[in-house]
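Just so you know, the protein sequences line up as chains A and B, in that order. Converting from the first sequence to my numbering requires adding 80 to each position, the first position being numbered 1. Converting from the second sequence to my numbering requires adding 80 to each position, the first position being numbered 1.
It should be emphasised that the hints constitute simulated quantities derived from the structure, not laboratory data. Quantities reported herein were computed from a predicted structural model and do not represent experimental measurements. Where hints are given, some of them may not hold.
Unchecked claim - Below 25 Å or equal to it, Euclidean Cα-Cα: the simulated DSS-like pairs (lysine-lysine) are:
#, chain 1, residue 1, chain 2, residue 2
1, B, 585, B, 526
2, B, 301, A, 301
3, B, 301, A, 299
4, B, 301, B, 411
5, A, 549, A, 526
6, A, 411, A, 301
7, B, 299, A, 299
8, B, 549, B, 284
9, B, 299, A, 301
Protein chains: 2
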Amino acid sequence: MSEEGKADGKLLRLREIDREYRLLGHTAAILHWDQETCMPEGAVRERAEQLSLMSGLMHDRITQPEIGELLGGLGVSLDPDPRLPERFQGLDRAFLRELARAYRRNSRIPRRVVTELAKATTIGQRVWVEARKAADFSRFSGQLSVILDLVREVSSCLGYRDHTYDPLLDEYEPWMNSAELEEVFAELSAGLVRLLDRIRGSGKTVDTEFLHRSYEIEKQKAFGRSVLEALGYDFSRGRLDESAHPFTTTLGSSDVRITTRYNRRFLPAALFGTIHECGHGLYELGFDEAVRGTLLAEGASLGIHESQSRMMENLIGRSMPFWSHFYPQLKDLFPGSLEGVDLRRFYEGVNGVAPSLIRVEADEVTYNLHIMLRFDLEKQLVGGELAVEDLPDAWNEGMERLLGLVPPDDAQGVLQDIHWSGGMVGYFPTYALGNLYAAQFFDTLKRDVSDWREQIESGRFEPVLDWLKSNVHAHARVYPARELCTRITGEPLDPRFLLDYLQEKFGEIYGF
Amino acid sequence: MSEEGKADGKLLRLREIDREYRLLGHTAAILHWDQETCMPEGAVRERAEQLSLMSGLMHDRITQPEIGELLGGLGVSLDPDPRLPERFQGLDRAFLRELARAYRRNSRIPRRVVTELAKATTIGQRVWVEARKAADFSRFSGQLSVILDLVREVSSCLGYRDHTYDPLLDEYEPWMNSAELEEVFAELSAGLVRLLDRIRGSGKTVDTEFLHRSYEIEKQKAFGRSVLEALGYDFSRGRLDESAHPFTTTLGSSDVRITTRYNRRFLPAALFGTIHECGHGLYELGFDEAVRGTLLAEGASLGIHESQSRMMENLIGRSMPFWSHFYPQLKDLFPGSLEGVDLRRFYEGVNGVAPSLIRVEADEVTYNLHIMLRFDLEKQLVGGELAVEDLPDAWNEGMERLLGLVPPDDAQGVLQDIHWSGGMVGYFPTYALGNLYAAQFFDTLKRDVSDWREQIESGRFEPVLDWLKSNVHAHARVYPARELCTRITGEPLDPRFLLDYLQEKFGEIYGF
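In isolation and in its complexed conformation, chain A is listed as follows (with noise of 0.2 Å):
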């Protein structure tokens, strides 16, 4: 056999191992997708070893030294920046890119480490229930202290060169650190405080009592199903249900599932998560046929995930345009409690700015400082500034900073999030890097589909949606995140986008 057909048959053979690997994690999705949404009480125990069991068969699949060896025989190196081999290029070059980095960072880390790890957060997130419970702190930060260890050994099992943070956030965000991280927020926590300020000295509140009326879920359901069509979610390759916690999920290439949550004392609730949903569900429905199915059916990274749920969520979902078209329906489906209240009055409703304590309950200007907060904190945590014991203050003195509130208690500060009890450090900064990725994205959009307000206001979604599948949903993660960037906006990551749309929208409602 020539040096070329060696070259395919060990690709083949990569790409064989890839799809059972996916095939093994698609099965997993839907293990976890059954458990959230119908599976029976009583399945809980044995469901967890279900899941287990998957686990670590994409464990061993993805770590067995064949890969190391087809990658090394193709020239592939297995360092944090893998080199490639000119002649691979394309989709196959992609593919071996990702194959490198995954088959990296999963054998690095001793099967030790991750059992450990499993069993701690699992105790974590027990844990940080009761103390959330309790809003005591001190109940929760043994059990966090043993998973920062933990997650410190991953961190220098993998590697870094400038700080402990970095392999950490390329877990979510890959090929990114924290250097650059830091350079980006530093714009935008400046930009959103003189923001804020200006918010603050306008004056104006706005009115958001209507919301908190009584909406029937059955009327919700109908009129969240009936947004999801118009925005193009397909009800033959997904569905829509409830669980606790919102989620999008994918059990195929041809099966990605939202779920919401109703909630009939607050429309935003249901309204905005399910188009949330739907902005993640889209992205992975709009993957190119080449890549379905292969590791490269992901999103760039997380970031570039929530850029498209954020964008749905916000820039559309929010948008004046956006209910200029369903107002109408939706003051039809609930005329009592939507008395007196117009288009206008309803657009700032749902837009109104207020520091607040929970990050998931804030508005479009203040939850990327919650998120930068967050990003602080954790960053002092893996690198040994600041002790656990030190957290609280900790946080209670940024939020002071940041949105001049401190939270009464812990439950309502540093004990809000599942995060850090899950052993999930860097992936916060992933929620706001979603929505500068996001209006970068859409000043593109805007310039390429110009009358996107008058379309959105006709009802007419395609044309806007034709641009993301081909601007960004059809990439998957053939390109990483910063080169999808440049590609689609001509620049790299920039938060003066985000800062211009914010300083638009807001100016107008606030009239500054």
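Could you slot chain B onto chain A? The hints should help.
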């Protein structure tokens, strides 16, 4: 280490392998349940790949040579009727017996045959659907021949003493053979034909018109759910959903789900379908804790499994005490459609006997004749005594001889059932065995719970359910069906119990 210690280690390792095998099996069951109840249509193709991967992983586990070595090391032989050392008793003995059986059956069939059969039956089912739609057996006969050749190959791989059919039957009804079955069926058949003659001779016809009136589906659902609750089906360990074909499936020791289908214009479809599946579900949920999650957590045989669904559907669900309790509730729900229908008329309506063409719609008396026809024909087919092209004629002759009806076309005759297209030869007899075991078990139950009629009339199902749980369900697959029958009833399978039950019930209805 002592010999005993070594043996303990081997047994432990076998239990580990079994555990993983079961977890994979439950995972495959989740994929399948989701496919039938939730999955978006676009996901069909990839779901087949996921299921195929699971089957492959399961096959690898259950045929791994380590099992043979460990069993050999423990002195367990791999004969069709395995010899087990006396030192293993109780659950260990049953575990080794069933593991040896599963290992032997699975490892004896070469992978080539497994793969070819999977392919042939996938094609077979598609071709069968088309042939049935066209009511033309000749479109299916070629593929059926391919399937039957492979089925015969399976039989010779497994080996047999008397008849090609025996190892096939043994797949579904372990430790049973065709000679024994023929003897039982001969007596049953004679008795049923006599009974049917008397029913015909009575001159009475039963009114079933009202069953075809309009029954709102939401109300059918509510009623079905309340029946399930009364029958002790535990919704914290199960679910009721809808699917095209009703089924019961076990996704975990505490996750046994049933499905049904609703027909607005035919009340019995969902009603008795749900009660039938409930019988299967209660069996699986009632396994003793000690066997849960192991390969003993199965029905003793498909015949025993079917005994539980049939007993619930017919001996309990179509009994006068059952409807004395439930009919007032049903009538309250459907006052219009059941106007003028009193309890007696309802009871007779759901118990009417009339020869018909379609097995799944047959009454309690003629149902078994449908089965015996299929048993005769499939035995001749695999034995080479009947050519595939002669099957439709043989079918029609048999229908005329047993039921006095000739199907007007193949769709209502030889093409009505899916089983043969899926390579399931040897499955049909288990339906009749279910009826036989149900009647025989119920005869003992009536003696042990002598006030069963009064209890059920008052809506107290516990005494009957408790009896079933401790006498049947708890034992799972610990005893072979034959032994279980003797333990419960004091004697081997005997068709007179079913014949006596039918004679008494239908003699009363038809007045002889």
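Hint-by-hint comparison with the structure:
1. 585/B x 526/B: 15 Å, holds
2. 301/B x 301/A: 21 Å, holds
3. 301/B x 299/A: 22 Å, holds
4. 301/B x 411/B: The hint holds at about 15 Å.
5. 549/A x 526/A: Cα-Cα ~15 Å, so holds.
6. 411/A x 301/A: Cα-Cα ~15 Å, so holds.
7. 299/B x 299/A: 22 Å, holds
8. 549/B x 284/B: 39 Å, violated
9. 299/B x 301/A: Holds. Residue 299/B to residue 301/A sits at ~22 Å (cutoff 25 Å).
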